[in-house]
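Input sequences plus hints: build the corresponding full structure.
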Amino acid sequence: MAAAAPAPSLRLCSALLFTAATSMSLVMSNIQPSQLAEEQRNASRLFKQLRSEIKSMLALQSPTEPDVKEMMEKVMGLDWAYPLPLLGAMLEKFPVKFEPAAWWPRVSNNSRQSKGQKTFANTEPNGWSEELELEMRAIVQVLKSKDKKDVLILAISKDYLTLGNLALKLNKMLAVSGPLLTGIAATTSTYGGSMATTLAAIAGAMAAIVNGFEYGGHVGMVVEMYRHCAGFFELMGETIEATLEERDYSKRENGEMFEMKVAMKLGRRLSELRDLARKSMASCIEGTEVDEFGSKLF
Numbered sequence: 001m002a003a004a005a006p007a008p009s010l011r012l013c014s015a016l017l018f019t020a021a022t023s024m025s026l027v028m029s030n031i032q033p034s035q036l037a038e039e040q041r042n043a044s045r046l047f048k049q050l051r052s053e054i055k056s057m058l059a060l061q062s063p064t065e066p067d068v069k070e071m072m073e074k075v076m077g078l079d080w081a082y083p084l085p086l087l088g089a090m091l092e093k094f095p096v097k098f099e100p101a102a103w104w105p106r107v108s109n110n111s112r113q114s115k116g117q118k119t120f121a122n123t124e125p126n127g128w129s130e131e132l133e134l135e136m137r138a139i140v141q142v143l144k145s146k147d148k149k150d151v152l153i154l155a156i157s158k159d160y161l162t163l164g165n166l167a168l169k170l171n172k173m174l175a176v177s178g179p180l181l182t183g184i185a186a187t188t189s190t191y192g193g194s195m196a197t198t199l200a201a202i203a204g205a206m207a208a209i210v211n212g213f214e215y216g217g218h219v220g221m222v223v224e225m226y227r228h229c230a231g232f233f234e235l236m237g238e239t240i241e242a243t244l245e246e247r248d249y250s251k252r253e254n255g256e257m258f259e260m261k262v263a264m265k266l267g268r269r270l271s272e273l274r275d276l277a278r279k280s281m282a283s284c285i286e287g288t289e290v291d292e293f294g295s296k297l298f
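With the working numbering applied, the sequence shown covers 1 to 298.
FYI, nobody ran anything at the bench for these hints, they're computed from the structure.
Glycine included, every Cβ here is placed at the ideal spot set by N, Cα and C.
A couple of the hints might just be wrong.
Stated by the list, open to error - Below are the BS3-like pairs computed for lysine-lysine, each with C-alpha atoms no more than 30 Å apart in a straight line:
{"no.": "1", "residue 1": "Lys74", "residue 2": "Lys55"}
{"no.": "2", "residue 1": "Lys265", "residue 2": "Lys279"}
{"no.": "3", "residue 1": "Lys93", "residue 2": "Lys169"}
{"no.": "4", "residue 1": "Lys296", "residue 2": "Lys144"}
{"no.": "5", "residue 1": "Lys296", "residue 2": "Lys48"}
{"no.": "6", "residue 1": "Lys279", "residue 2": "Lys93"}
{"no.": "7", "residue 1": "Lys48", "residue 2": "Lys279"}
{"no.": "8", "residue 1": "Lys169", "residue 2": "Lys144"}
{"no.": "9", "residue 1": "Lys261", "residue 2": "Lys55"}
{"no.": "10", "residue 1": "Lys261", "residue 2": "Lys296"}
{"no.": "11", "residue 1": "Lys265", "residue 2": "Lys97"}
{"no.": "12", "residue 1": "Lys55", "residue 2": "Lys296"}
Stated by the list, open to error - Ranges of calculated distance between the beta carbons of each label pair, as one might list FRET restraints:
{"no.": "13", "residue 1": "Asp79", "residue 2": "Ala7", "range": "38 to 44 Å"}
{"no.": "14", "residue 1": "Lys296", "residue 2": "Leu166", "range": "45 to 51 Å"}
{"no.": "15", "residue 1": "Phe213", "residue 2": "Arg41", "range": "20 to 26 Å"}
{"no.": "16", "residue 1": "Ala59", "residue 2": "Leu166", "range": "44 to 50 Å"}
{"no.": "17", "residue 1": "Gln61", "residue 2": "Pro33", "range": "25 to 31 Å"}
{"no.": "18", "residue 1": "Arg41", "residue 2": "Met76", "range": "16 to 22 Å"}
{"no.": "19", "residue 1": "Tyr191", "residue 2": "Glu238", "range": "56 to 62 Å"}
{"no.": "20", "residue 1": "Gly216", "residue 2": "Ala7", "range": "29 to 35 Å"}
{"no.": "21", "residue 1": "Gly212", "residue 2": "Ser62", "range": "55 to 61 Å"}
Structure follows, in structure tokens:
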């Protein structure tokens with residue numbers, strides 16, 4: 001309206017509206033509500049999963065001091081990875097480097113070496129066999145070479161981390177462009193003349209398009225989705241590797257149950273999981289690439 005009829009009262013109203021829009025856009029860009037929603041959705045699911053794990057442990061056995069310490073570390077890891085929003089410190093919305101989410105206690109190199117040096121306290125197979133160990137190592141190789149790096153989305157298979165970095169850069173650009181455009185519109189709308197009011201109208205329209213794409217497309221939620229999925233596959237790989245490095249079979253989870261859990265987490269039948277492991281081992285020998293992803297869920 002100020003561009004069509006540049007009256008002083010309309011220019012003042014235009015400047016006030018664009019200033020308010022700039023402030024709201026700055027707040028939205030810093031908080032990233034869609035990303036917060038995805039973070040808390042993931043956190044809620046992981047905390048429920050941890051609660052079920054604790055209940056199962058209490059029902060099956062009397063917890064020992066190491067069990068309590070392990071669960072405390074898992075709770076602290078989850079709290080660190082997904083802090084409550086707007087209370088204390090939020091997660092960095094625009095990190096310099098895109099990295100997978102990590103909500104589990106990290107295994108130090110010293111503990112890994114001590115596991116490797118441990119003698120065989122119990123050589124009973126506990127459901128494990130040489131073939132099963134080779135199968136699990138092949139699955140880890142697929143997860144590292146395909147799922148952690150690749151993703152099938154919108155029928156396009158691309159690098160996981162590359163897509164995450166692209167989404168992060170796009171989110172940064174949109175988060176800066178929206179407030180910048182409304183700020184330009186607020187500044188130019190205070191000046192008289194048709195050129196200034198027209199420029200304000202154009203900048204305001206462009207800001208509406210930018211903000212509509214950023215928040216209508218939930219770019220922040222897409223970034224968090226990539227971050228969480230990459231973390232999921234990294235956790236699976238670390239879990240399998242840590243299990244295989246344990247030399248005492250009695251301290252390992254039953255091999256058949258472990259294989260079934262891995263298959264369920266990847267959305268596969270046992271026969272499909274074994275076929276995938278055979279393809280992975282054949283690709284290492286022949287130097288070819290596995291033509292499918294480990295997971296059928298993501």
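Hint by hint, work out which the structure violates, then give me just those numbers in ascending order.
Violated hints (numbers, rising): 6, 7, 13, 14 and 17; every other hint is consistent with the structure.
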